[in-house]
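**Q** Protein chains in written order, with the working numbering: chain A, 850 to 1004; chain B, 10 to 139.
In case anyone wonders, no lab produced these hints; they're calculated from the structure. Every residue gets a Cβ at the ideal spot worked out from N, C-alpha and C, and that includes glycine. The hints are all genuine.
Derived list of chain A stretches under chain B, where covered just means 3 residues or more per stretch with a C-beta under 8 Å from a C-beta of chain B: (1) 897 to 908; (2) 947 to 958; (3) 977 to 987.
Some but not every residue of chain B turned toward chain A, in silico, with C-beta under 10 Å: (4) Pro33; (5) Arg34; (6) Val37; (7) Ala41; (8) Ile47; (9) Pro52; (10) Leu85.
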Amino acid sequence: MEDIMALMRWEPYREFGGLQDRINRLFSDLHGRGRDDDDVMTGGSWIPAVDIYRSTSGDIVLKAEVPGVNKDDLDLRVENSTLTLRGERRISQDIKEEQYHRVERAYGTFSRSFSLPNTVDTSSVRADFADGVLTVTMPIREEQKPKQIEVQIGG
Amino acid sequence: MTIVQRSGTPWVSGATPARGAWLPRCDVYETAGHDLVIEADLPAVAREDVALTIDDRTLTLRATRPAGNGSEGAHLRSERRHGEFARSFVLPTTVDAGGVRAAYVNGVLRITLPVKADARPRRVPVESAA
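Chain B on its own, in the form it takes in the complex:
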């Protein structure tokens, strides 16, 4: 099963280029409840090496992964990348940035931004003229 690569939508198209040699991939999706979720592949990154900050409407994810753990001798193959990584996302105004939650499971960091209560899509009743 292949997933078609999708280009950025206007909501998160303000993302700035990442610095450093390491560029973890991120998926962004909306839950059925219209919360915004960012999932980043960050395998083998320690909790203290991840920094998530929100400044106004910009969410910045920073992480560090050092090159070796000291027990490594000669490399026969080296494909994994290391170093520092930083990536920013411009959040849509419909999310409540203050309610951000982050969980790290199985090497994936999931950042959840709940939708503002009054930004939730709702039906507008149409009243008939009396």
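So that you can see chain A by itself, here it is in the shape it has in the complex:
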């Protein structure tokens, strides 16, 4: 028999129970959000937390928390000015559902897209993955040097 009283005393559980609601709301709000949100699109079963900041050297750095995700299950793409991070956290195949006493962590696929400022040099983007955090470093484009254009004179 479950001890219901103990469950209600722990307030943070209200946050976990409402996670699916929050995700659903995110989907429905997606087109209506007028905030300065860089998210173009969010999809999947869970939304990894992301920090984006300017490093002191001027690069833009994105850090995404994806603990328990294998490197092979991560997909990072930069297309035009959009950075898309996709991936999947797989649940262990060895443990059956009835063996779980508590499940708080999110599993399944995730997908987040971010608009990048056009000052990012997308060809120099690099990514590191350590301790469950994916760090994407995006250098700012150097000033383009003026190009020499050879003028052919037709005759």
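Given the structure of chain A, go ahead and fit chain B onto it with the hints provided.
**A** Using the frame of chain A, we list chain B on its own:
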């Protein structure tokens, strides 16, 4: 694939609320061999910033994650949480608290509590009356 959120069972329902703004999620499950495993999402936490203590039958997990690493300038987006975290679990009497093991892989801390040998489920032979 979605996992149905499951409420606490009597075994670990004695968990106390965590302090601080950061609340890593934990899964608790039993292995096929009836060991108890707690898996906590602790990405980018240094080993020296994690403290695991067992007092009687209460296991307490504490961790600290500082806000920045010094090379951070202006934040454009800030969703990750920081600070101190503490969470306790009341362990069932079937586990051998002294045999606790912890491993940190890929940002996940896995705490394994082996089941006591005499608490393992076993078949009881039924003898017929002579």
